[in-house]
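*Asks:* Starting from the known structure of chain A, arrange chain B on it as the hints suggest.
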Amino acid sequence: MLRLEGVSKDLGDFALKEVNLRVNRGEYFVLLGPSGAGKTLLLEVVAGIQKPDRGRIYLEGEDVTERPPERRGVAYVPQNYALFPHLNVYENIAYGLRIRKVDRREIDSVVRFLADSLGISHLLHRKPNTLSGGEQQRVAIARALAVKPKILLLDEPFSNLDLNTKLKLIEDIRRWHDEFEFTAIHVTHSFDEAVSLANRVGVMVNGRVEQVGSVFEVFSNPKSVEVARFLGYNVFRCVEVESLGLNYDRGEYVVIRPEDVLISDRGLDATVEYVDFMKFSANLTLNVDGIRLKALATINDVLRWNVRVGSKVKVRIKRYRVIS
Amino acid sequence: MRDYVEIFFVILGSFLLIYIALPIAMLIVDQCFDIETLIAILRDEIVLNALKNTFLTAGITTLISLTLGVPLGYVLARREFRYKSLVQGIIDVPIVIPHSVVGIMLLTTFSNAILDSYLGIVMAMLFVSASFTINSARDGFLAVDRKLEDVARTLGAGRLKTFLTISLPLSLPSIASGAIMTFARAVSEVGSILVVAYYPKTAQILVLEYFENFGLRYSRPISVVLIVLSLTSFAVLRWLLRYAKARRSV
Numbered sequence: 012m013l014r015l016e017g018v019s020k021d022l023g024d025f026a027l028k029e030v031n032l033r034v035n036r037g038e039y040f041v042l043l044g045p046s047g048a049g050k051t052l053l054l055e056v057v058a059g060i061q062k063p064d065r066g067r068i069y070l071e072g073e074d075v076t077e078r079p080p081e082r083r084g085v086a087y088v089p090q091n092y093a094l095f096p097h098l099n100v101y102e103n104i105a106y107g108l109r110i111r112k113v114d115r116r117e118i119d120s121v122v123r124f125l126a127d128s129l130g131i132s133h134l135l136h137r138k139p140n141t142l143s144g145g146e147q148q149r150v151a152i153a154r155a156l157a158v159k160p161k162i163l164l165l166d167e168p169f170s171n172l173d174l175n176t177k178l179k180l181i182e183d184i185r186r187w188h189d190e191f192e193f194t195a196i197h198v199t200h201s202f203d204e205a206v207s208l209a210n211r212v213g214v215m216v217n218g219r220v221e222q223v224g225s226v227f228e229v230f231s232n233p234k235s236v237e238v239a240r241f242l243g244y245n246v247f248r249c250v251e252v253e254s255l256g257l258n259y260d261r262g263e264y265v266v267i268r269p270e271d272v273l274i275s276d277r278g279l280d281a282t283v284e285y286v287d288f289m290k291f292s293a294n295l296t297l298n299v300d301g302i303r304l305k306a307l308a309t310i311n312d313v314l315r316w317n318v319r320v321g322s323k324v325k326v327r328i329k330r331y332r333v334i335s
Numbered sequence: 004m005r006d007y008v009e010i011f012f013v014i015l016g017s018f019l020l021i022y023i024a025l026p027i028a029m030l031i032v033d034q035c036f037d038i039e040t041l042i043a044i045l046r047d048e049i050v051l052n053a054l055k056n057t058f059l060t061a062g063i064t065t066l067i068s069l070t071l072g073v074p075l076g077y078v079l080a081r082r083e084f085r086y087k088s089l090v091q092g093i094i095d096v097p098i099v100i101p102h103s104v105v106g107i108m109l110l111t112t113f114s115n116a117i118l119d120s121y122l123g124i125v126m127a128m129l130f131v132s133a134s135f136t137i138n139s140a141r142d143g144f145l146a147v148d149r150k151l152e153d154v155a156r157t158l159g160a161g162r163l164k165t166f167l168t169i170s171l172p173l174s175l176p177s178i179a180s181g182a183i184m185t186f187a188r189a190v191s192e193v194g195s196i197l198v199v200a201y202y203p204k205t206a207q208i209l210v211l212e213y214f215e216n217f218g219l220r221y222s223r224p225i226s227v228v229l230i231v232l233s234l235t236s237f238a239v240l241r242w243l244l245r246y247a248k249a250r251r252s253v
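Residue numbers (our numbering), protein chains in the order written: chain A, 12 to 335; chain B, 4 to 253.
Fair warning: there could be bad hints in the mix.
[What the hints assert, rightly or not] Calculated cross-link-like contacts (lysine-lysine; reagent style DSS-like; alpha-carbon spacing at most 25 Å):
no., chain 1, residue 1, chain 2, residue 2
1, A, K179, A, K138
2, A, K62, B, K87
3, B, K150, A, K138
4, B, K150, A, K177
5, A, K112, B, K164
If you are wondering where the hints come from, they were derived from the structure by calculation, not from laboratory data.
The model shown is predicted, which means the values in this text are computed figures rather than measured ones.
Same shape as in the complex, but just chain A (with noise of 0.2 Å):
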């Protein structure tokens, strides 16, 4: 479907360095990263926005490297959703409809049709400006799944919406995915989007798309350290940390996933630094003989061994990757 072979881009601030990647039909791709990562980049090198300075962009076995944005038939939703301040709502949705100079009525019935799909039917008549975010949204979506793009390229999609907002529209999103069946890269910082709405991730560090694979898969295999780091693992150099008592016979690093670090009536002797309470867990931050290990305890766990800062706990760690 979409493959790109070695695309380079630098532009000083942001870069893409030999990017390959592919995402096949109908797939819901997220694309994980850190900002700076190069994300919005990629999404604008695929849209034709910006052209590569080295690579190739394949798309549906054509090369579309050359091609204008306005060839491309893949529809870009920026961070901040860009609809067109001058026009309301079923213009909006109309726009690539009317550009394309598609008959009256089928403009009409396409508009009123994905406006029904996207809960937007009584917007129709606003200008975008009274509208708020998660309804902008909405419209900006449906603005560009009117033109049946080949590719649907989300930047940050809920990165400016409340939280109830954000997961009622995770829902509908794949909800629609299932009705409409397009194809989507979704660029993100945030796992939980990634969780509930991958088909597969990749994860981008430094303008490199590090890994790629099931959700499962990079999230329990990170393949390299920049990934790790990136997921929130400890990653410590082996040399560091021989005092853990781990098994590394080769290999540069060792990686630790927070779950991983069990509070324990036996083990290592820990001081507990920094506690940071959530809704059903907290994150510690753990001192094991001068390593600071971070870890996730339910609140169970929290409750039962008296954790409080400056407490002494004893740790296990139940499981550890090496990378080298």
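*Replies:* Just chain B now, with coordinates in the frame of chain A:
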């Protein structure tokens, strides 16, 4: 507590404000005591013709500045290139050159081709007033989020269509206020027209001529007519612009 600094600033500013408003008011008030001359002037074929010439040439000047200046403004807003600051400097130069000198420069360059002709008037006006349209078009385009253009293109609009359907409508208010300034500047131009095209007679030149030949009493009524027309068209255009802006944001 009272903000004495602000009060002080307001007082200082008021002097300037009164200084600008007073002569305008005095001109009109004074004329009210001499309605006969005003009526006589308004019946004077020469005066009416001169007024027509002024507004006609200023209108044409504005149209030309729009046709040539808006594309230039777009390029300045969207492209980075070498010597861009030089280009920007050239655009702003007419504001700092004395207008009589502008006339001399134009005559030196185009000589008899523009001497005493409508073309000459329009060229003189264009030289001194085009920068308003160019600069406000540029500012208008700069205020249009580039992402809007990007999205329009991914939706299938080519460069020109994107410009016509997105960039241009969104910067229209800014372009319009630039055009109003260009028009106003053109109407008020004297120096360069005096050098380049004393004929066909424009109203602002006629004011000068009547002043020299007949004195204040006969030049004043034309001035009044000119200023009332200018201020009214200026006000109406501004009001239209504000009305259009208000409608858009509903």
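*Asks:* All hints, please: hold or fail.
*Replies:* Each hint, compared with the structure:
no. : hint              : result
1   : K179(A) - K138(A) : holds, 23 Å
2   : K62(A) - K87(B)   : holds, 23 Å
3   : K150(B) - K138(A) : holds, 18 Å
4   : K150(B) - K177(A) : holds, 23 Å
5   : K112(A) - K164(B) : holds, 12 Å
No hint from the list above goes unmet by this structure.
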